[in-house]
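K.L.:
Start from the sequences, fold in the hints, and give me the full structure.
Protein chains: 2
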Amino acid sequence: MCPDTVDRPALTPAQQVRMECRAGTFRRITRNVAPGYVQCALVVLPKAQALDFMVFCQRNQKPCPVLEVVEAGQWEPKRLAPGADLRTDLPLYSVYRHGERVEDVADIRPLWRDDFVSFFIGSNTSCDLALRRAGVQTGKNRWVLRTRVETDPSGPFRGPLVVTMRWLTPAELIIATQLTSRFPFNHGAPIHVGDPAALGCDLEHPMTGTPVPPVPPGLVPTFWACSVTPQTVAVAARTELMITSAPSYGFISDIESDKICIP
Amino acid sequence: MCPDTVDRPALTPAQQVRMECRAGTFRRITRNVAPGYVQCALVVLPKAQALDFMVFCQRNQKPCPVLEVVEAGQWEPKRLAPGADLRTDLPLYSVYRHGERVEDVADIRPLWRDDFVSFFIGSNTSCDLALRRAGVQTGKNRWVLRTRVETDPSGPFRGPLVVTMRWLTPAELIIATQLTSRFPFNHGAPIHVGDPAALGCDLEHPMTGTPVPPVPPGLVPTFWACSVTPQTVAVAARTELMITSAPSYGFISDIESDKICIP
Chain A
1 MCPDTVDRPA LTPAQQVRME CRAGTFRRIT RNVAPGYVQC ALVVLPKAQA
51 LDFMVFCQRN QKPCPVLEVV EAGQWEPKRL APGADLRTDL PLYSVYRHGE
101 RVEDVADIRP LWRDDFVSFF IGSNTSCDLA LRRAGVQTGK NRWVLRTRVE
151 TDPSGPFRGP LVVTMRWLTP AELIIATQLT SRFPFNHGAP IHVGDPAALG
201 CDLEHPMTGT PVPPVPPGLV PTFWACSVTP QTVAVAARTE LMITSAPSYG
251 FISDIESDKI CIP
Chain B
1001 MCPDTVDRPA LTPAQQVRME CRAGTFRRIT RNVAPGYVQC ALVVLPKAQA
1051 LDFMVFCQRN QKPCPVLEVV EAGQWEPKRL APGADLRTDL PLYSVYRHGE
1101 RVEDVADIRP LWRDDFVSFF IGSNTSCDLA LRRAGVQTGK NRWVLRTRVE
1151 TDPSGPFRGP LVVTMRWLTP AELIIATQLT SRFPFNHGAP IHVGDPAALG
1201 CDLEHPMTGT PVPPVPPGLV PTFWACSVTP QTVAVAARTE LMITSAPSYG
1251 FISDIESDKI CIP
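First to last, the sequence lines map onto chains A and B.
Take 1 as the starting number for the first sequence in this note's numbering and just add one per residue.
Take 1001 as the starting number for the second sequence in this note's numbering and just add one per residue.
For the record, the hints were derived by calculation from the structure and aren't laboratory data.
One or more hints might be untrue.
If you want the footprint, here are the derived chain B segments under chain A, 3+ residues with CB under 8 Å [what the hints assert, rightly or not]:
1. 1046-1055
2. 1065-1075
With a straight-line Cα cutoff of 25 Å, these simulated SDA-like cross-link-like pairs (lysine to any residue) come out [claimed, not checked]:
3. K62/A - R79/A
4. K259/A - D1195/B
5. K78/A - R1148/B
Note that the structure is a prediction, hence the values are computed from the model and not measured.
For each residue, glycine too, the CB sits at the ideal point set by N, CA and C.
P.N.:
Structure (structure tokens):
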């Protein structure tokens, strides 16, 4: 049999994106990419800071639901995506030194150290397909915003909560609350509905998305805790070194979102 | 004003039990004590093992939902019970050395070290009042059983899953599944329904409760992951030192169970 005709198992959409990231041919944000798969933010830290950071995540479970921890020096998230390499399989990483975002890079192998521990944190984006299937639009009117709400600190890790704001109709708001409540490990239910000022949201400088215009009549701002929170924590904590996924550039796992609703 | 007539704030049932434990006058199991408050298992470890253990809990969230971590050398669970002392406020502790349960003690202050990190793990008992209010009996037909299901290991921590088995009517089973699904941080939904052999349950030697008789007609064995799991892990891991709450002797927190259903 000619090798060209050998049946190869087709790559899933999640595997396809990871392979393109690894090859350097995928450099876009990961929203609406591989819908239906759990997406994660990534945080990489020296082992000396890992326990403090993991306790930070426990104290702030709504923004920081930990879906996998990869041990010091290893780079394969065996539970979320066997065979993946967390050093190359995201489209973009941000490198923070002493609280400064010093560079964004597409490959962290040159920075790799044997004492790096890696955390995968569930992302709101994971629920987008389920929301759309339930009739809630997800394609527009969505921002990632800094707030003035402080997280519960652990060791050096502290800083403001980041939220995802969506503008929804009242009917969508109810359905979205019911549906996201079923995903406690992907931020769960909304944390606030209504006036962004109650959270001290920075509407002028969203972390992702365009600047926020006035809310149109008939739509209600609805807020979820967001896995971009570690990026503001990296700044406030001023730790020697912290590498994260760049905001909106997530890791796409092999886990189908529907399968980790309420476990 | 005479000191005897000064109004003192009444202690809550949870505070009352903890004060009696501290005074050495409460030495009973904590089931049905202070119903409606979140109960926890406790695990105390040297800091050198703390990250491995916390990763173990993340990999086994159903049996080991971490509700608070108290930093090295500290003994006040400020979030679960401000003012409490985890060294004295449980009725009984088990001390494991190299995998041997060497003693059960009522006060761990003599064993205390500055490098001890403490983990509070949500217990099934927390849901008993909510189950009773919903019409599910909780007073009998309940056992804590070792299984042959292996947990997902982390570092030295490994060992068989422990489950809580309840015998329920079909109507109770449905209500209990709905209700416990709302408590993802207290073990959540059942992990199995029906034949105990599917989990390899040790029916001859329950960890708590009387030996298991044959199931009466009309009742269905229903199984939840159990926070006694760390006790079997302490044995299998053979770590130098691990202190746990003795099985069935939990820590009663100030948190009302209803308030941490789906967050």
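K.L.:
Would you mind marking each hint as holding or not holding in the structure?
P.N.:
These are the hints, each one checked on the structure:
no.	hint	result
1	1046-1055	holds (count 5)
2	1065-1075	holds (count 4)
3	K62/A - R79/A	holds, 21 Å
4	K259/A - D1195/B	holds, 24 Å
5	K78/A - R1148/B	holds, 23 Å
The structure shown violates none of the earlier numbered hints.
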